[in-house]
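J.: Chain by chain, the residues:
Number of protein chains: 2
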Amino acid sequence: MPQDSNRKTVLDPFGTSVVADYERLYKEFGIEPFKPLLSRMPNPSMYIRRGIIFGHRDFDRILNAMRKHEEFAVLSGIKPTGEFHLGTLMTAKEIIYFQQQGAQTFYCIADVEAYEDNKIPFEKSEKTAVDNVADMLALGLDPKRAYIYRQSKEIRVKDLAIIFGRAATLATMKAIYGERHIGLYLSALIQAGDILLPQLEDFGGPKPTVIPVGIDQDPHIRFTRDLAQRFQRKYKFILPSSTLHKLMKGLDGSPKMSKRQMNYFTLHDEPETIAERISNAFTGGRATIKEQRKLGGVPEICPIYENCLFHFVEDDDKIIKTYHDCKTGTLLCGEHKKQTIDIVLKFVKEHRRKKKKFRGKAREILQEKQ
Amino acid sequence: MPQDSNRKTVLDPFGTSVVADYERLYKEFGIEPFKPLLSRMPNPSMYIRRGIIFGHRDFDRILNAMRKHEEFAVLSGIKPTGEFHLGTLMTAKEIIYFQQQGAQTFYCIADVEAYEDNKIPFEKSEKTAVDNVADMLALGLDPKRAYIYRQSKEIRVKDLAIIFGRAATLATMKAIYGERHIGLYLSALIQAGDILLPQLEDFGGPKPTVIPVGIDQDPHIRFTRDLAQRFQRKYKFILPSSTLHKLMKGLDGSPKMSKRQMNYFTLHDEPETIAERISNAFTGGRATIKEQRKLGGVPEICPIYENCLFHFVEDDDKIIKTYHDCKTGTLLCGEHKKQTIDIVLKFVKEHRRKKKKFRGKAREILQEKQ
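If you read the protein sequences in the order shown, they are chains A and B.
Residues in the first sequence are numbered consecutively from 315, following my numbering.
Residues in the second sequence are numbered consecutively from 315, following my numbering.
Just to be clear, a hint being listed does not mean it is correct.
For chains that are exact copies, the list does not tell them apart, and a pair is met inside one copy or across any two.
What the hints assert, rightly or not - Subject to a maximum C-alpha distance of 30 Å in a straight line, what follows is the list of computed DSSO-like cross-link-like pairs (lysine-lysine):
| hint | residue 1 | residue 2 |
| --- | --- | --- |
| 1 | Lys550 | Lys467 |
| 2 | Lys441 | Lys467 |
| 3 | Lys573 | Lys548 |
| 4 | Lys467 | Lys438 |
| 5 | Lys441 | Lys550 |
| 6 | Lys521 | Lys467 |
| 7 | Lys433 | Lys548 |
Treat the hints as calculated values from the structure; they're not laboratory data.
Chain A on its own, in the form it takes in the complex (with noise of 0.2 Å):
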C-alpha cells in the first residue's frame, strides 16, 4: 500500500497540543495562520511542515528575504534557569533552522530576566549559561556566524532599555506583567531591547528579523513592535517579525511542562530517569487492550505522540504511520513508550557526547563578552 493511500486515511496527524482557540488569536490579536505560506517556503524546517508552527507575525518579509536571498536576522533567547528541555530545545532548533537558511544570528542569554524573575544570581546564571551555550553548539548552532551574548554584559540592549522606558506607560506593563516589582518590567524592556539589536548600525541597520516563539510570548513580541513603532523615526526600525509556535504539554498530559510537577525531562536527566518519566506517562490509549484494538487510540491527546511529533521521528512518513498504527489499533502503548525511550536516549546520549567537547568553546565565546 503505497503511503499516498495512508495519508488519505488519516485526520491530522499534525493536530496535537492544538492552541485553545485558533481564530480568536487570529481575529482579536493580529496573529496571521502560516499555512497559506507554506508553499512558497523554500526549504520548510519539520516545524513548518507539521503546523507546529501555526502562526506568524509579519512573516512575509522573512519569506521574502529568504527567497532573493537577501538580509535578514533571526533572534532568540533563554533564560539560564536550568539545563535544556523539550521545551527549550524547540526554539533551540527554530533559530538554528534560519542560520541554516542564511539569518543573520543573534542568541540571548536572558540573564537579567533570570535574576530580576527568578530570583538567579548573576554568577549561578552564568555557569548554567555555559551549559546551554554548550547545547546550542552541540545542535549545530554555528558560533561564527552568530552573536550570542549575555543580556547584563550587553550595554546596547541595557541602552535601549532606557531609551525605551519612557514611552512605557504602567497601564501598558501591568496588563503584559501583571502587578510586579520594577526590576520585572526592567527586564521586559532589555527584553525589547534583545529583539530590536539586530536593526542597530552596530549590526548593519534595519533589517527584517524573525523572533521564534512560543504562543505565550507573544505580547511580548507586540510590546516590543509596538516601542519599534514609537522608536521608528529616530532608528527607522522594521518591525520585528514572529513565528509562533504551539506549546508542549507535560508528560502527565497536563496544558504545561511544570518543575514542580516533574512532568517532563531535561536532556542531562539520568538515562533511568527519562525511561521512568516516559513509561509512566499518560497516553491516548484506551482502559483495556481489548478496547484499543477495538477502537484505537487517541494521539491527539498523547504527550508520547507529541515527543515524537516534536522532536524525535523526523520522517514524515514515518510519524504519519505512527499516527496510522495508532488511530487503527495497531500500536498499542506500551510498544510506543518501548519505542520513543529507544530514540529519546539515543538521541542523548549522542548529544551529550556532542556537547562535551563544545564547553570549552562555550565558556570562551560566553568570557569574551565579559
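Fit chain B to the supplied structure of chain A, relying on the hints for placement.
T.: Just chain B now, kept in the frame of chain A:
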C-alpha cells in the same frame, strides 16, 4: 556699638525660607536637626553656620570621618536641563565644600533622568552637561580629585539599577513618584546607583558618603537607604548620609523657583535681565516708605534678603547688619535691591570670566567618559 550687642537685638537673621513644619520632618521622617552638630564641625560652611542646612540623616559618621581625617565621599549631581541658577548653585557649593574638607568627590550628570523626566535627548543634554561642568570648575571643583560622569555612560550605576530593581516594589515607586512611566522609575533606580557608586570596590569599597540635597529630595535618600540595607550582605554598604538644605523662594515671593513664572535668574542671563528681575522682585517691604521707616521690613519673607543670605553676602557680620538695618527701617527696599544688583552682577561677571577658561577642560572630562 560692638557687633555682639547687635546680635542680641536680631531675632533670627537666618530664619528665612522656613520649612513648613520642622517638627513633623524630625518626628515623622526621622530627619535629625543639624544644630546639635554645629559646635563639633571643624570648619562649618556658610550654609551650615546659617542653618540653611537645617537637617541631616546619619551625618554623625561624616563628621567623625572629617574630624579623624578618615576616608569619606560626597556625591551629588545635576539634571542637565538648563543653566545654573541659584538653586543648583547651592548643591554645587556644598559638593565643593566637602571636597575641600577632604571628601572623595563624585559629580553626576543625571542625563537619564533628564531624558526620562524631561524628554531631553542625550545629544542635547550632553551640550548642557559641558556647560554645567564648566560652571562647577569655575566655582572651584578640583577635577583631579573628582569623578565626574554622565549616568548614561556609567555602566556601574546602570548595573546597580538592574540589581536594585528586584527590591523596588510598585507600591514604593508609586508612593514616592506617583503613577509614572517605567522609564521614570528606572531613572530613580539609577539615581540610587549613583548614590551608592562611591562604595563599590572600584572606588575603594564601603565608606561614609554624604549626599547634600534640598529637603524635596529626601524621599530619594530614604529610598536609597532602604536599598542599601537590602543589599548590604552583598555589598557591605554603609547607609548613605545626607544634609538637607532649605529651598530658595522665587523672586516673586512664591515658594518655588519656576521656569514658567520666570521668577529667578540663571548665571547665563544677560546683566540687564538679572537687574530687571531683581528690581521687579517682591520684597518684605511695607506699603509706604513712611510705614517702613516706622515698622521696619520683614526680611523673613523677602527673596532679596534670601539671595544675599544664601549666596551673595558671605560675611556673617555683614548679613546680620543687613537684617538689623532692614528690621529697624534703616535699609529700604530700593536701596537694598540696588546693592544686591551690584553684588550679583559682579559675581556673575567674574564667574563667566572663569567659566570661559574651563569650557575646554569640561568637554574633555565628559568625553573621556564616552
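J.: Hint by hint, say whether it matches the structure.
T.: Each hint, compared with the structure:
no.: 1; hint: Lys550 to Lys467; verdict: both (25 Å within a copy, 23 Å between copies)
no.: 2; hint: Lys441 to Lys467; verdict: both (15 Å within a copy, 28 Å between copies)
no.: 3; hint: Lys573 to Lys548; verdict: between (42 Å within a copy, 29 Å between copies)
no.: 4; hint: Lys467 to Lys438; verdict: both (15 Å within a copy, 27 Å between copies)
no.: 5; hint: Lys441 to Lys550; verdict: between (37 Å within a copy, 25 Å between copies)
no.: 6; hint: Lys521 to Lys467; verdict: both (24 Å within a copy, 27 Å between copies)
no.: 7; hint: Lys433 to Lys548; verdict: between (34 Å within a copy, 14 Å between copies)
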